[in-house]
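**Student:** Sequence:
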Amino acid sequence: MANKPSIPKGTRDFLPEQSLKRQFIFDTAKGVFQLYGYQPIETPAMENLDTLTGKYGEEGDKLIYKILNNGDFLEKANQDDLDAKASNKVATQISDRALRYDLTVPFARFVVQNQNELSFPFKRYQIQPVWRADRPQRGRYREFYQCDVDVIGSDSLLNEAELLCIVSDVFDALGLGDIQIRLNNRKILSGIAHATGLGDHFGEMTIAIDKSDKIGVDGVREEMIKRGLPAAGVKKALDHISRKADADTLLRMLSGSLTGELEGQKGIDEMRKTLKALPPHVRKKVSIDLTLARGLNYYTGAIIEVGHSKFPSSICGGGRYDDLTGIFGLKNMSGVGVSFGADRIYDLMEELSLFPTTLKAASDIIFINFGETESLECMQLAMELRAEGYSAEVYPDAAKMQKQMKYADARGFRFVILIGSEELKEERANVKDMSTGDQSSVLLSDLNKFIFDKLGSDD
RNA sequence: GUGGUUGUAGCUCAGUUGGUUAGAGCGCCUGAUUGUGGUUCAGGAGGUCGUGGGUUCGAGACCCAUCUUCCACCCCA
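For the first sequence, our numbering assigns the number 2 to the initial residue and increments by one for each residue that follows.
None of these hints come from the bench; they were simulated from the model. Among the hints, a few may not be true.
[Said to hold, decoys possible] Per label pair, the in silico range of CB-to-CB distance:
#, residue 1, residue 2, range
1, K227, D135, 21 to 27 Å
2, G58, A411, 37 to 43 Å
3, G330, S392, 47 to 53 Å
4, S155, D84, 49 to 55 Å
5, K426, L36, 51 to 57 Å
6, F203, D247, 24 to 30 Å
Ideal Cβ placement from N, Cα and C applies to all residues, glycine included.
Work out the full structure, taking the sequences as your base and the hints as a guide.
**Tutor:** And the structure:
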């Protein structure tokens with residue numbers, strides 16, 4: 002009965018130290034988002050199931066966590082489906098709600114629902130957990146935080162450029178300056194598909210192409226042939242995609258070979274304009290990658306993915322979606338956004354020891370408890386120190402000195418203040434600096450000043 | 001979802017072809033030091049070997065199931 006407690010697969014507890022580091026990531030991202038004028042919103046952990054289904058492709062839908070209805074839910078299930086053990090059909094009959102799978106689709110729903118309260122273009126950021134019924138692996142969790150920034154209600158490519166700047170700034174601020182931002186455009190991929198006679202197989206083509214960094218061009222070719230794409234088209238498409246050149250010449254070559262492909266040309270133009278709007282220090286982190294496809298099937302224009310050489314999977318990704326709100330009844334609302342994977346960024350930063358060391362020792366002062374009379378006085382003094390902005394606390398029990406000192410050491414307090422009956426009588430305090438071991442006798446009336454001098458001079 | 005992998009003390013891990021009482025380091029607790037941490041020394045506590053079945057005279061080791069971990073596929077942050 003009294004089994005060891007546990008948490009579901011792919012979820013984690015966070016200890017104080019980890020929690021502080023995670024908050025450091027959130028705060029850093031938030032700071033940058035706000036500098037660019039984005040506003041925070043929040044949406045519920047659960048959405049109506051039909052809000053989410055059909056937005057992430059067939060594979061994505063399978064990963065949505067469905068919430069079992071309350072009450073006598075089997076009553077409402079179709080008996081034939083139950084008898085046939087048709088899980089998929091029954092699932093929609095016994096579940097009306099689901100945990101959100103990402104922040105983009107709920108955001109689209111949010112925009113449609115609250116359109117009268119918002120001014121467009123609407124720029125928002127959102128930092129909340131999402132859930133996916135994936136098989137957990139390194140850097141892959143069932144509950145994880147996304148930090149999303151999106152702007153909706155503007156076609157301008159300045160938005161793409163701005164988001165790339167934000168990506169660059171956030172990672173710089175986190176100490177992860179050496180990222181690679183890969184950029185592609187769905188319209189270009191679509192143009193290639195049409196120009197090579199693969200127009201009917203666009204989805205399959207992109208899925209195969211997306212794997213090229215793992216299985217190579219030959220692997221992609223095999224994959225495409227295996228999926229039944231015409232060999233001639235496959236060859237032509239791969240010729241396009243495997244071209245290597247700097248951005249300008251690459252786009253010029255593409256443009257030359259996609260003559261007559263309106264959509265493809267539009268994609269090329271978008272890419273040019275986006276790159277042109279980037280400041281040099283951001284521009285140099287961005288490279289065109291025609292093999293970048295991304296499965297999320299709502300993307301229609303730019304696709305962005307951020308990687309780091311020390312991490313196997315992407316740590317940030319996004320793109321433009323022209324008609325996500327259309328599904329919810331609001332037309333002509335183009336949006337573009339990126340999502341930072343906070344948990345992957347955490348893992349990466351931990352591996353590279355990039356967290357500031359100051360995050361650990363957050364506490365300044367602890368008073369040793371010598372008994373009731375002394376501790377009451379200490380409570381008063383701690384209050385005064387807090388008013389000065391120092392974190393201060395009184396050990397709650399009159400435990401053995403050694404135990405209290407060990408606690409102070411483990412928690413990482415900078416100062417331990419000892420006020421026993423002797424000190425109290427003389428209105429003095431023994432202040433021990435734990436970093437040096439030095440101990441000084443200070444008049445109680447000078448205590449605030451003493452701490453100020455110490456912390457001021459050391460910091 | 002498919003295939004594989006892992007699980008022994010709080011942590012990191014030993015544990016020979018199944019054989020008596022399952023070990024180490026670190027951490028923790030106590031004392032040396034009844035008002036002083038981080039160092040040192042001495043002692044101590046802590047494990048139904050992930051869980052549930054099975055094979056066997058005998059299982060931490062073998063088999064099955066299940067959960068967990070990590071990996072590949074799939075997909076993605």
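**Student:** Among the hints numbered above, which are violated by the structure, and what are their numbers in rising order?
**Tutor:** Failing hint: just 2.
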